[in-house]
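Those letters in the sequence shown? Residues 1 to 334, per the numbering used here, in order.
Hint data in this document are derived by calculation from the structure and do not stem from the laboratory. Owing to the predicted nature of the structure, the values given are computational and were not obtained by experimental measurement. Worth double-checking, as some hints may not be accurate.
Stated by the list, open to error - What follows is a set of in silico ranges between Cβ atoms, one per label pair, in the way DEER data are often shown:
no. : residue 1 : residue 2 : range
1   : Q64       : Y236      : 20 to 30 Å
2   : D331      : L123      : 35 to 45 Å
3   : S154      : L23       : 32 to 42 Å
4   : I206      : F264      : 34 to 44 Å
5   : F78       : L214      : 43 to 53 Å
6   : I59       : R329      : 43 to 53 Å
7   : Q328      : K235      : 50 to 60 Å
As the list claims (entries may be wrong) - Quick list of in silico lysine-lysine cross-link-like pairs, BS3-like style, CA-CA up to 30 Å:
no. : residue 1 : residue 2
8   : K271      : K106
9   : K280      : K37
10  : K157      : K330
11  : K34       : K212
12  : K37       : K235
All C-beta atoms in this analysis are idealised placements derived from N, C-alpha and C, irrespective of residue type, glycine included.
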Amino acid sequence: RSWIPAPLGALWCSFRWILFFYLAFIVFPFNVIKDLKILKRILILVVLGGFLVALMGAISLFLQDLSDPFFRAKPLYFLGDWIFGENYNLLAEFLIISSFLVLSLKYFYKSFRVNRFLNILFLFFILINLLTFGRTAWLAIILQALSYFIIYYSVIKKERIKIKESLSVLFIIFVLISPFFLKALDLQRANFSSTQNRVLLTEIAIEAFWEKPLWGHGGGRFVSLVDDSTRFVAKYGDPLDSHGVGQKLIAENGLLGTITFLSFIFLIFRKIYFGLLKNKRHYQLLLPLLIAGGGGYFYQLFNTSYYKGRVWLPIALALIALSLLEKQRKDSLD
Numbered sequence: 001r002s003w004i005p006a007p008l009g010a011l012w013c014s015f016r017w018i019l020f021f022y023l024a025f026i027v028f029p030f031n032v033i034k035d036l037k038i039l040k041r042i043l044i045l046v047v048l049g050g051f052l053v054a055l056m057g058a059i060s061l062f063l064q065d066l067s068d069p070f071f072r073a074k075p076l077y078f079l080g081d082w083i084f085g086e087n088y089n090l091l092a093e094f095l096i097i098s099s100f101l102v103l104s105l106k107y108f109y110k111s112f113r114v115n116r117f118l119n120i121l122f123l124f125f126i127l128i129n130l131l132t133f134g135r136t137a138w139l140a141i142i143l144q145a146l147s148y149f150i151i152y153y154s155v156i157k158k159e160r161i162k163i164k165e166s167l168s169v170l171f172i173i174f175v176l177i178s179p180f181f182l183k184a185l186d187l188q189r190a191n192f193s194s195t196q197n198r199v200l201l202t203e204i205a206i207e208a209f210w211e212k213p214l215w216g217h218g219g220g221r222f223v224s225l226v227d228d229s230t231r232f233v234a235k236y237g238d239p240l241d242s243h244g245v246g247q248k249l250i251a252e253n254g255l256l257g258t259i260t261f262l263s264f265i266f267l268i269f270r271k272i273y274f275g276l277l278k279n280k281r282h283y284q285l286l287l288p289l290l291i292a293g294g295g296g297y298f299y300q301l302f303n304t305s306y307y308k309g310r311v312w313l314p315i316a317l318a319l320i321a322l323s324l325l326e327k328q329r330k331d332s333l334d
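Can you build the whole structure from these sequences, using the hints too?
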C-alpha cells in the first residue's frame, strides 16, 4: 500500500503469501477439525470433489476427436464459466491429491465391499490422471506409487522387497500403460512450445537470482521480471507467473528466502513422516495423507498453485490426523 514505507512494504509483501496460507489452510483447519469424525467428513468431501473432477475429465474425452493430437482429459466449460480453470494441469493436480485421499478412507471403513469400491475409485482417479497426458502428473504418480510401496513394505511391514516380484509387477504395469506413454510422447512433441516457455521462465529466474542472490527481488515481483524480458513478451505476449515454486523462490526471495522456505517444507514433512513411524498401526490413515500431501507439493515444482488451498489442505489434514491420534493415545493412558 502507498502509505507503507518502501522497505516495510517489501518486507510485508514477502511474508504476506506465506502468512496467509499458513493461517488459512493450516491454523484454521486445526481449530475446526476437533475429532476423527470431522476429519472423516472432510476427507469424504475432498474425495467427492475429486470424483466430480475425474468425472469431468472422463466426459471431456467423449467431446473430443480421438485423432486430435491434443486429445486428453481436461476441464469443461460449464454454466458459462471454466469452473476449474482451462488448463488440464489444474485437473491433474487435484487428482494427484484426491486419489490417495481415497485410500485414507479405508481407515474408517472395514467392510470388504466398501474397501473394494474405494480401490476401484482410486484406480478411476489414476486412470483419468494418466489420460491428462501431463508430464508432471505422470512423474507425480510414479513418485507417489514408489513412495507408497517402499514405505509400506520397508517401514510399516518391515519386509524385504522382493526384486523378482517387483520387476514382474513393473513389467506388467509398463505393458499396460505403454499405449498411454506413446500417446504422451506424441502430445509432447506437438506441445513443444510449452517446454520452451518453461525453459525461458527458468532462465529469467536464474538471471534475476544472480542480480540479487542473497535477498532476491522481493515477494510478488516475478511477473514484473517477466514483463521486463523483451524476449518473453515478444514471443508469448502477456507475462506469466512462475511455472514452479523453485523459479519463484530464487528470483523473489534469493538464497536466504529459498533456504528458509525449503527448511519449512522439510520440517513439515519430517514431522508427518516420523509421526507415521510412531503410529504405524494407523498407517491406513497417515500413509495416504503423507503421499497425497507430498505428491501435491511435488507438483508445484512445475506448476503455479504453491500457495493455494488445494495444495496445503492435505498437508494440514495429515498434521491434524497426527495431532488427533496423539490426543487419542494420551486420553487412553489417562
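Evaluated hints:
no.: 1; hint: Q64 to Y236: 20 to 30 Å; result: holds, 25 Å
no.: 2; hint: D331 to L123: 35 to 45 Å; result: holds, 37 Å
no.: 3; hint: S154 to L23: 32 to 42 Å; result: holds, 36 Å
no.: 4; hint: I206 to F264: 34 to 44 Å; result: violated, 23 Å
no.: 5; hint: F78 to L214: 43 to 53 Å; result: holds, 47 Å
no.: 6; hint: I59 to R329: 43 to 53 Å; result: holds, 45 Å
no.: 7; hint: Q328 to K235: 50 to 60 Å; result: holds, 56 Å
no.: 8; hint: K271 to K106; result: holds, 23 Å
no.: 9; hint: K280 to K37; result: holds, 20 Å
no.: 10; hint: K157 to K330; result: holds, 25 Å
no.: 11; hint: K34 to K212; result: violated, 45 Å
no.: 12; hint: K37 to K235; result: violated, 52 Å
Hint check: violations occur at hints 4, 11 and 12; the rest are consistent with the structure.
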